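Colleague: Here is how the chains run, residue by residue.
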Amino acid sequence: MIVGTPLPHESAALHVTGAALFTDDLVGRTRDVLHAHPVQAPHAHARIVRLDPAPAYDVPGVVRVLTGDDVPGVNDAGVRHDEPLFPTEVMFHGHAVCWVLAESLEAARLGAAAVEVDYEPLPSIVDLRDAIAAESYQGNRLLLESGDVEAGLDAAVHVFEGETEMAGQEHFYLETQASLAHVDESGQIFVQCSTQHPTETQEIVAHVLGLHSHDVTVQCLRMGGGFGGKEMQPHGYAAIAALGATLTGRPVRVRLTRAQDVTMTGKRHGFHATWRVGFDADGRLVALDTALTSDGGWSLDLSEPVLSRALCHVDNAYWIPNVRAVGRVARTNKTSQTAFRGFGGPQGMLVVEDVLGRCAPLLGIAADELRRRNFYADGQATPYGQPVRHPERIERAWQQVTESGELARRTAEVAAFNEASPHRKRGLAITPVKFGISFNFTSFNQAGALVLVYKDGSVLINHGGTEMGQGLHTKMLQVAASTLGVPLAKVRLAPTRTDKVPNTSATAASSGTDLNGAAVKDACEQILERLAGVPGDTWEARVHRAYLDRIQLFAAGYYKTDGLHWDPGAMRGNPFKYFAYGVAASEVEVDGFTGSYVVRRVDVVQDVGDSLSPLVDLGQVEGGFVQGVGWLTLEDLRWDGRDGRLATQSASTYKLPSLSEMPEVFNVALLEDATETGAVYGSKAVGEPPLMLAFSVREALRQAAAAFGPPGTSVELASPATPEAVFWAVERARERSLSWTG
Amino acid sequence: MEPDTVIVNGAPRPLGAPPHTTALDWLRGQGFTGAKEGCAEGECGACTVLLARPGADTPTEWTALNSCLLPAAALDGQEVVTAEGLGTPEALHPVQHEMAVRGGSQCGYCTPGFVCSMAAEYYRADRVQLNGSNGFDTHALSGNLCRCTGYRPILDAARALGQPDLDDFLAARRHQPPPPTPSSRPGLAEVLRLLADEPDALVTAGCTDTGVEANLRGARPPRLVPVDHLPELRELRSTPEYVEVGAALTLTEIERRLDGAVPLLEQVLPQFASRPIRNAATVGGNLGTASPIGDLPPALLALDATVLLVSAEGEREVPLTAYFTGYRQTVRRPGELIRAVRVPLPVARTAAFHKIAKRRFDDISSVAVGFALDVDGGIVTRAAIGLGGVAATPLRATATEAALVGQPWTDETVRAAAAVLATEGTPLDDHRASASYRSAMLGQALLRLHAEVTA
Chain E
1 MIVGTPLPHE SAALHVTGAA LFTDDLVGRT RDVLHAHPVQ APHAHARIVR LDPAPAYDVP
61 GVVRVLTGDD VPGVNDAGVR HDEPLFPTEV MFHGHAVCWV LAESLEAARL GAAAVEVDYE
121 PLPSIVDLRD AIAAESYQGN RLLLESGDVE AGLDAAVHVF EGETEMAGQE HFYLETQASL
181 AHVDESGQIF VQCSTQHPTE TQEIVAHVLG LHSHDVTVQC LRMGGGFGGK EMQPHGYAAI
241 AALGATLTGR PVRVRLTRAQ DVTMTGKRHG FHATWRVGFD ADGRLVALDT ALTSDGGWSL
301 DLSEPVLSRA LCHVDNAYWI PNVRAVGRVA RTNKTSQTAF RGFGGPQGML VVEDVLGRCA
361 PLLGIAADEL RRRNFYADGQ ATPYGQPVRH PERIERAWQQ VTESGELARR TAEVAAFNEA
421 SPHRKRGLAI TPVKFGISFN FTSFNQAGAL VLVYKDGSVL INHGGTEMGQ GLHTKMLQVA
481 ASTLGVPLAK VRLAPTRTDK VPNTSATAAS SGTDLNGAAV KDACEQILER LAGVPGDTWE
541 ARVHRAYLDR IQLFAAGYYK TDGLHWDPGA MRGNPFKYFA YGVAASEVEV DGFTGSYVVR
601 RVDVVQDVGD SLSPLVDLGQ VEGGFVQGVG WLTLEDLRWD GRDGRLATQS ASTYKLPSLS
661 EMPEVFNVAL LEDATETGAV YGSKAVGEPP LMLAFSVREA LRQAAAAFGP PGTSVELASP
721 ATPEAVFWAV ERARERSLSW TG
Chain Y
1 MEPDTVIVNG APRPLGAPPH TTALDWLRGQ GFTGAKEGCA EGECGACTVL LARPGADTPT
61 EWTALNSCLL PAAALDGQEV VTAEGLGTPE ALHPVQHEMA VRGGSQCGYC TPGFVCSMAA
121 EYYRADRVQL NGSNGFDTHA LSGNLCRCTG YRPILDAARA LGQPDLDDFL AARRHQPPPP
181 TPSSRPGLAE VLRLLADEPD ALVTAGCTDT GVEANLRGAR PPRLVPVDHL PELRELRSTP
241 EYVEVGAALT LTEIERRLDG AVPLLEQVLP QFASRPIRNA ATVGGNLGTA SPIGDLPPAL
301 LALDATVLLV SAEGEREVPL TAYFTGYRQT VRRPGELIRA VRVPLPVART AAFHKIAKRR
361 FDDISSVAVG FALDVDGGIV TRAAIGLGGV AATPLRATAT EAALVGQPWT DETVRAAAAV
421 LATEGTPLDD HRASASYRSA MLGQALLRLH AEVTA
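Residue numbers (my numbering), protein chains in the order written: chain E, 1 to 742; chain Y, 1 to 455.
There could be a bad hint or two in this list.
To be verified - According to the in silico footprint, chain E covers these stretches of chain Y (three or more CB under 8 Å from chain E): (1) 43-51; (2) 103-110; (3) 126-133; (4) 138-144; (5) 322-332; (6) 423-434.
Stated by the list, open to error - Per the computed footprint, the stretches of chain E lying under chain Y, defined by three or more beta-carbons under 8 Å from a beta-carbon of chain Y, are: (7) 76-87; (8) 644-657.
Stated by the list, open to error - With beta-carbon atoms standing in for the labels, derived distance ranges: (9) E/Ser136 - Y/Arg328: 52 to 62 Å; (10) Y/Pro186 - E/Pro6: 33 to 43 Å; (11) Y/Pro270 - E/Glu731: 27 to 37 Å; (12) E/Gly641 - Y/Glu198: 38 to 48 Å; (13) Y/Gln176 - E/Glu731: 30 to 40 Å; (14) Y/Leu345 - E/Pro6: 54 to 64 Å; (15) E/Ala420 - Y/Gly162: 36 to 46 Å; (16) E/Thr675 - Y/Pro270: 26 to 36 Å; (17) E/Pro711 - Y/Asp57: 36 to 46 Å; (18) E/Leu460 - Y/Arg257: 50 to 60 Å; (19) E/Gly364 - Y/Thr454: 35 to 45 Å.
No lab work stands behind these hints, which were simulated from the structure alone.
Bear in mind that the values here come from a model prediction, so they are computed numbers and not experimental data.
Glycine included, each C-beta is placed from N, C-alpha and C at the ideal position.
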């Protein structure tokens, strides 16, 4: 069986030799390309009073300035029709108001600088707290309710309340947004695009150009990282390229510089939450009343579904009989925040982990014990009414981490170290993850594939999913080879194109393998069924015989996830096919002089079902974890409150985890005996859930900071927990020590 | 070699790049699209390529550089190797093989850059295998960012590497002389004449700052005057009275050649940016830009260093304390060139460099403190403290020094002096840190030094 074999990424040999082509690598292979550069507004909010492109044409090399007047179809880059491609009102600092096309990028840049724009500045709201105070909201208010929160809080023995704030996160895919469009020899618009959602890119290009979907083909070779940032964000840039190509008759390249990408594209939503929580005498959660407000930026984008998933994850792995979770999307004059690995799940879960981390010392219960005591048990359902299947896997993974990570011994060692060390303190924390798999919106849970078997027995597969590094194509090759019973070398995978498989969903929500894998398998099984009884000693002989016997050797596969239903108004239903579980324990050491820290050791057990591709899955777990650590500790988006300019718009000011943040010891295991019936080859989704294992690092930092104070110190820790944030947490703990001893 | 020619992956090519073209854009235009732009400021390393440079242990070294910062013109006469030149999908280079089979690539965008950085370390002549370790210094990869893997498989790949085969042509190339400086490059006298005639000409030595200005802020200086190649600026001299470091020596070269002479500098250099940046950045560049957040000035201030400025009229020596005059302003006159910095000997016996930043390596300091102290018989006899990140210029913490000198090296003295240190400078709030954190970090730096020295 080829599924289950640890294989390197299908393009690994191309990656390491520089031979793997990305969208912008095609520019040098294309003749007469025009380069696009935006004119970005220097105001957080303003009306455009006058826009004069004429001076740009005086710059040598400038060919065309694209403005709203050029749009033959709908001037909109989104699906909610609240994102004008060419705005008349600037909604955030850096908003592109028009685009200049030129023979070189340098000429386009100079042309953009020459365009004259007069703005009338308007009042703006940049900070999320200011938006809440001003009741600046967009979209629907969401309410998730189960049980009776007031009665639960009244009956609780301990009630605490607080606020939790968390920053967003820049995707910082290494490859910035890129599109290359031309009108092909048949008159069709062909767009090469780094997109997670080729179908939606196609639809938006079509509506901007006033065309039908069959007039536009979008191809995604591969992406240099996506993480959700290429689910909605590429569409507008693809539309600019396509519009330019139709108007000039030449190929047009849009490739954002890093600064343009960071200042124009959406990010993970920052959230603000208030909460009241009730525990019984044993520390069991009895009620949680919380209000979550996400910072949506200037337009809705995916903010409502993100918020919906956040509310559906405020329970994480814990059973809370009475819940009221209210959600709002704030409108601010920032980039329009969007999908990012976890899609609101991490933000919802951070709330309850923050609650438990802060309340454990106040309850006098060790944080790990408090968490464990509240795990879901068989027969219990989430606040939105979905029974939690396989909750014992949380306990099983927890046990495995506890044992393989030698937590009992190390907890004692940490205590002894802290006793002896005045200036450096350690923390060791263990946290669980329960993450719902499927798109909340039921209709998206479908996929298609096209499998072609040629007369010589070679196989070409197409499917609707896109490759962004997550190893989807590797898994699809494995599924096809395993199902057909042919060697891997017989199967080739063609780049994702909208003219091969139509009406696809975004490669998102960790569902790429579940959906497309099942569709590929379906197509392969159709072919196998037709081949049944065809004689021949080898695959090649049978295929050839089948051709001569006039048997169809290609098939369209299709899959839809059964058993899903969701009432978005009532926030109730069974939105998820299953839950993915994981547990991580992390140990950190904090320097009391500076607040800087190192992650000494991480132990992870992740439930990926029966792994289709263990090396790929290991990579997803490790990579997701480190990306989560980045969000929670290092990556610090800062907007200038005065003019709304993003102050951290480059790699030198927005710091990603580098090699130096690697845990010194990093052990990852996949949960054994974890077959997921009903999913492709018993596997489970792995893209998003591991990101949230990083809560263990944040909780370890909280405990290390608390160790600078007296026993029972409850630490409030900002997110991200930068060295500065940890230093202030340490200082507050030390102040408690002073007042406690004095 | 013909003028205006570059050898890329073993084959000569005419350079012919328009002005202000980066080496990265030129290479990509030539079809070498393995090198990628990820940030255009030398932070992410996706653009990393190898250049044949003069070596320390072999005549030539394969040096990893950020091609996004390097002007294409600087490639004139050079030998470049890109990921495409190391191996092919059918015949992978050992570095490429380890990266591929261990899951070192996911999306693959950063991968060619990682491969080049890893290859540079693979070919480092003084990398020795010892006690089961292959001697791979993982800091060689500190200038490469990966958003997908979390780095573990990349580290595993690095640690699995052996030594180059005997028939490895890139290994063999190290034993031949480096590419000569093109004869078209002006000598020192001509450079000084040029600077005197054209006061607006911009001197470059490493381009790690001018490259960023060009890529991110559209700076297009009419005239660049590279001085990296001038032999007069590339000496490292030790006398009984001082150590003199040539302005055009790269930080990597200084690291290799200081040989314990100035321990404080040896503490700074590993914390200074990434390996590819240190392979390009120079002392002269760091002092020439006079950024208040450069990492060398706080250390050099603590070392009582002087700057040697040369012009057509001759040379003068300026104490570093008198060198900085304002935000990115110095006493350097038009027509003057930094030739070297001089560190007087003997240096203080207690030296420490505290860099406060969000990320442990390859980050810009929010605060940097250089300490140089002597304690004799329990009394502080000498104290020099250089600060960065707390004012418009790097500065000396003179009030703190006064609070220390002549005092017993005790908790009490240190606490009092730390309180003074926390009030030095005029730190600001910005995206790197708050003013109050910066001030706190100044005080904490002295407390930490005392705790570490007396521990």
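Colleague: Please go over all the hints and tell whether each is borne out by the structure.
Modeller: Now for the hints, and whether the structure bears them out:
{"no.": "1", "hint": "43-51", "verdict": "holds (count 3)"}
{"no.": "2", "hint": "103-110", "verdict": "holds (count 8)"}
{"no.": "3", "hint": "126-133", "verdict": "violated (count 0)"}
{"no.": "4", "hint": "138-144", "verdict": "holds (count 4)"}
{"no.": "5", "hint": "322-332", "verdict": "violated (count 0)"}
{"no.": "6", "hint": "423-434", "verdict": "holds (count 5)"}
{"no.": "7", "hint": "76-87", "verdict": "violated (count 0)"}
{"no.": "8", "hint": "644-657", "verdict": "holds (count 9)"}
{"no.": "9", "hint": "E/Ser136 - Y/Arg328: 52 to 62 Å", "verdict": "40 Å, violated"}
{"no.": "10", "hint": "Y/Pro186 - E/Pro6: 33 to 43 Å", "verdict": "57 Å, violated"}
{"no.": "11", "hint": "Y/Pro270 - E/Glu731: 27 to 37 Å", "verdict": "29 Å, holds"}
{"no.": "12", "hint": "E/Gly641 - Y/Glu198: 38 to 48 Å", "verdict": "43 Å, holds"}
{"no.": "13", "hint": "Y/Gln176 - E/Glu731: 30 to 40 Å", "verdict": "58 Å, violated"}
{"no.": "14", "hint": "Y/Leu345 - E/Pro6: 54 to 64 Å", "verdict": "57 Å, holds"}
{"no.": "15", "hint": "E/Ala420 - Y/Gly162: 36 to 46 Å", "verdict": "42 Å, holds"}
{"no.": "16", "hint": "E/Thr675 - Y/Pro270: 26 to 36 Å", "verdict": "49 Å, violated"}
{"no.": "17", "hint": "E/Pro711 - Y/Asp57: 36 to 46 Å", "verdict": "55 Å, violated"}
{"no.": "18", "hint": "E/Leu460 - Y/Arg257: 50 to 60 Å", "verdict": "58 Å, holds"}
{"no.": "19", "hint": "E/Gly364 - Y/Thr454: 35 to 45 Å", "verdict": "37 Å, holds"}
Consistency with the previously given hints fails for numbers 3, 5, 7, 9, 10, 13, 16, 17, ordered from lowest to highest.
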